[in-house]
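Put the two chains together into one complex, using the hints given.
Listed here are the chains, written in short residue letters.
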Amino acid sequence: MTNLALDNLEKNLKKEDTYKSERIGIFEDFVKVGLPSNKVDRWKYFDLSSKAKKVKNTNIKDSIISISGKKSDKLNFYTAQKKDITPDIYFKPKEFIKNEPMLDLNLSCSNQVNILDIKSDQEEIITITIESDGENLYLPRIIINIDKGISAKILLKNLSSSGLTNLLIEYSLEKDSNLEIYRFNNSESTLVETNIVYLKERSNLNLINLSTPKGSSRFQLFSLHLESFSFSSCNTISIPSDNSNDDILIDNSLMNSDCENKSGIRAILDSKSICSFQSLIYIKDSVIGSKAEQDCKGFLLSDDSVMNAKPQMNIFNDDVICKHGATIGSLDKQEIFYLCSRGINKEEAEKLLLNGHISEYINENSILRDYLPGDFR
Amino acid sequence: MSKELLNIKDLHVDVEGKKILKGLNLNINMNEIHAIMGPNGAGKSVLSNVLSGKENYNVSSGSIKFCGKDIVDLLPNEISNLGLFMAFQYPVEIPGVTIMNFLKTIHESKRKANGNEPFSPSEFLNYVREKAEILGLDDDVLKRQLNVGFSGGEKKRNEALQLLVLDPVLAILDETDSGLDVDALDIVSNGIKGINNKNNSFLIITHYKKLLEKIPPNKVHILADGKIVKSGGPELAHEIENKGFESFN
Numbered sequence: 001m002t003n004l005a006l007d008n009l010e011k012n013l014k015k016e017d018t019y020k021s022e023r024i025g026i027f028e029d030f031v032k033v034g035l036p037s038n039k040v041d042r043w044k045y046f047d048l049s050s051k052a053k054k055v056k057n058t059n060i061k062d063s064i065i066s067i068s069g070k071k072s073d074k075l076n077f078y079t080a081q082k083k084d085i086t087p088d089i090y091f092k093p094k095e096f097i098k099n100e101p102m103l104d105l106n107l108s109c110s111n112q113v114n115i116l117d118i119k120s121d122q123e124e125i126i127t128i129t130i131e132s133d134g135e136n137l138y139l140p141r142i143i144i145n146i147d148k149g150i151s152a153k154i155l156l157k158n159l160s161s162s163g164l165t166n167l168l169i170e171y172s173l174e175k176d177s178n179l180e181i182y183r184f185n186n187s188e189s190t191l192v193e194t195n196i197v198y199l200k201e202r203s204n205l206n207l208i209n210l211s212t213p214k215g216s217s218r219f220q221l222f223s224l225h226l227e228s229f230s231f232s233s234c235n236t237i238s239i240p241s242d243n244s245n246d247d248i249l250i251d252n253s254l255m256n257s258d259c260e261n262k263s264g265i266r267a268i269l270d271s272k273s274i275c276s277f278q279s280l281i282y283i284k285d286s287v288i289g290s291k292a293e294q295d296c297k298g299f300l301l302s303d304d305s306v307m308n309a310k311p312q313m314n315i316f317n318d319d320v321i322c323k324h325g326a327t328i329g330s331l332d333k334q335e336i337f338y339l340c341s342r343g344i345n346k347e348e349a350e351k352l353l354l355n356g357h358i359s360e361y362i363n364e365n366s367i368l369r370d371y372l373p374g375d376f377r
Numbered sequence: 378m379s380k381e382l383l384n385i386k387d388l389h390v391d392v393e394g395k396k397i398l399k400g401l402n403l404n405i406n407m408n409e410i411h412a413i414m415g416p417n418g419a420g421k422s423v424l425s426n427v428l429s430g431k432e433n434y435n436v437s438s439g440s441i442k443f444c445g446k447d448i449v450d451l452l453p454n455e456i457s458n459l460g461l462f463m464a465f466q467y468p469v470e471i472p473g474v475t476i477m478n479f480l481k482t483i484h485e486s487k488r489k490a491n492g493n494e495p496f497s498p499s500e501f502l503n504y505v506r507e508k509a510e511i512l513g514l515d516d517d518v519l520k521r522q523l524n525v526g527f528s529g530g531e532k533k534r535n536e537a538l539q540l541l542v543l544d545p546v547l548a549i550l551d552e553t554d555s556g557l558d559v560d561a562l563d564i565v566s567n568g569i570k571g572i573n574n575k576n577n578s579f580l581i582i583t584h585y586k587k588l589l590e591k592i593p594p595n596k597v598h599i600l601a602d603g604k605i606v607k608s609g610g611p612e613l614a615h616e617i618e619n620k621g622f623e624s625f626n
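Heads up: the sequence lines are chains A and B, in that order.
Anchor point for the first sequence: position 134 equals 134 in the numbering used here, and the numbering is continuous, going up by one each time.
Anchor point for the second sequence: position 161 equals 538 in the numbering used here, and the numbering is continuous, going up by one each time.
This list has only true hints and no planted wrong ones.
Short derived list, chain A residues pointing at chain B, Cβ under 8 angstroms:
| # | residue |
| --- | --- |
| 1 | L353 |
| 2 | H357 |
| 3 | I358 |
Because the hints were derived from the structure by calculation, they are not lab data.
Each residue gets a CB set at the ideal place from its N, CA and C atoms; glycine is no exception.
Next comes chain B alone, as it looks inside the complex (with noise of 0.2 angstroms):
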């Protein structure tokens, strides 16, 4: 049996006195792909919210387990650093900050929250490079400050990016296919696919069947109204891509 990731039971969460999820289950184990689709404003954004650690969401009741732990109370690094990444949405940008130093911040404290020493900065460098190229991403870019002046597409490269630097047990895509076009949606998604393995798991929020395609999915989750209304497997998307979402409501 395989090893679970995430456990999510009876989820109840609201955001400044209003209800936006309403008892959500979700189940994850260990070396699966899950897709959460569902209609604007069905708390997808908020249920990755949570799972990051974002403050002014009140958890009301239920609970959410990550490698065994409950992280309802956890601060977001700390959340961070059991292994859970989120690829935002809309990565803000970061004057004065190059993606480099970045990277080798947010990877040293990784590594020290593990117990690990950090890499040399020749060793990292290399980590580094190897990562950016699966990405398509030169030196360049790495000087470049955080986000600052990025199109949609760079930004969601950079997202990419700093998964694959650091690693995660479990990674939580929101709607990364957005502002992607058809080639950069192939790098991104070969990128991501390419570290997928035994030893992680992905949760991948979308509107579109598109990138799932890319990353075939294990499970397909349809969220309306803060639950989960239907489970299945790949099959389900194709049914939403021709159906839409309103007959699941």
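Isolated chain A (complex conformation) (with noise of 0.2 angstroms):
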């Protein structure tokens, strides 16, 4: 990011509000590690910092976000100002996620949190879009609450059509509850989205992703299990448009004994995209009874597509189920012969082929079914 820009984000520090100093140390946390480039990130993801350059006002404004249902009682959706939340509310994220840049600069500059309380059963699926209005820098935070052995759904619509989003939604889900998160990316931006999961007992998180950005995204994902039982999945169906890069990033800390993890992807990449995968697992050595798995699949449909994957394990302890897989390539020869010799042509047995595997996560009943591209609806 520009010097220029920098000025901009002090400039907005010095605005008075409840935690200034809190925030400027976590601003100058940001500075010390700076956007992530090439050089400084972790991996294989695309360069945000060049990304940076391109915005011309970083000025911060408000992303448009909507949400469809009624406010009530039982679900209230507000906007909070920093001052209305206490401080181990809004600097948790930082006792779990240390040298997250994209998180601090969020922290640290942004002016907009939304919260979200479910405190009823939702039979509807409650809907929230996120859209951004110019070549601006974005720096929205949401906050959603799931209370104690509630369930729901939520759509989740990523729309941003200029600038740079950095987006920071965080879930937290009490004892007994059970959330269902359907992701749509279609951003045509660029895009950093950093969700954290924080899962109370017995909790059950299932995120369904459809990511198709027109631009390059990031998406990563932090899942705390805090407390026993828990159990979470993330299953990414990834088609970037062309010349796209779309990165995912999935961290699972198991944090408490006899907890679930689950993580895949099945990517399917055609000229020019590009799409990274990392999936972390983290297992204490005093926790018991875990289990994860991750499962990658990519396609790579012409030669100059790329996948890159990357599973990782970090487990103490013996007492754990684990496993991992990854193959990346283009269609089974002889998957597509064995199909073929049904009467149907190459072309349809492709399709076939590819609908199959995004069937695995978004079958035919899913609200996801609708946002495919076409070829895959």
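Structure, rendered in structure tokens:
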């Protein structure tokens, strides 16, 4: 990011509010590491630093966030000011996630904090839409709280069309709660979306991620299994447009016993599109009875498409069941022959195979089916 | 005289420079059941793959006529739509595609290729259920992903189901009996026998006479070192069982 941009951000920090000194401290953390670039980034993601230079106006603007459903005592969505939130809530991500500059940038400079409290079972799916308005810097933050024993479904649509959006979403799942998230990313701009999930005892998170970016997009999910018997899964269908990047980082920390985590990806890549998938599992030494799976399949439809996969498991005790697998390549010729031998042509056979892989995560009845690119609907 | 269905003349095929079929001749007429038996490496599977149009098999000389058409340069789907079906020895797994959807896709494709309208959904459902029942398969199986997690026997039954649904004029059964227990062999062979009529033929590729006892062939051929070395009636299968393949080399 240019010096001018830093000046702008610093100006923003000088505004008086309750946590000015803490935010300045976090901003200094951000400046120390800087925006992710090829030099400093942990892995093969797109160079955000060079993308950020293209943002014309580094004044921070509010994203346009809309939500479906009627507000009530049991379902409340509101824009909060920083002073309305206690420090233990506002700075909570810093307890768990270190050296994450995009998180630091959001925490230090965001002026847009939205809160969604779900206190009763939701039969209807709650739709949250995020859009941008011009070549600006956007730092929205959304905090979603699911009460004890409550079940809900959320459709999250990221439709940012311009600028650089650095979105932070936190999900707090209380004991025995269930949350299904259907994420649709169709952003045309540069997007970094950091999701943090705090999982309490016997809570369940199922996230299906359909990512079809038309620019450079990074999705980060940090699942923190804070209490026992919690479950989380994140399955991604990545179909970036031509010349687009789709980076997926899944970071799971199993910090209590008998927790389970699954993450997977099916990436369909054509014409200079690139997908990077990194899945990390961390299991503490004192934690027993953990289960974890990582499953990656990348389908390269052209010679100039690229898939990077890095499954990683940091396990510090023996009482675990973990597995991982990664397959990258063109479609299987034997499978194509098998289908063609039943009377369908090669093009149809390839489409059927790809649709089959998509259906592993997005079945015929899924709400995300309508958002698939035309060829795969 | 019976209508000629398949005519293979002096077929020579090589795979990655290695000669596999070395002058194979075979003639199958309509309403006939033929069996090809032979030792491992004789070229049985290469023959079935070439007949199905698999790429990377070089036909260096000879001809294959199916339904009066030269099929050497045809694509697998074109050959299939002429009415040839191969039941694979090792059917592949296709994740995410349910058997029902797959059957619907291939059935519609065949009807379209033959200039027919597709079945209505209810018509097709009844049609598939009827075929599945013959093979002892229930609706739950039809909801499963194609061959994913199937046992060897389940895969062979699923191949037989596709065969019954597509109702081809020539079915090649490539070692369909391998991996089947006694009961499953009975069910599959009865199902296949049930669709055998004057408008179709079968080519059974096998190592053993057990399947041939269930579906008695009109002719048995011994394939060794890339060509048919002996042809005869069903008694030839008994001869092989007693003497082995060695004596025919």
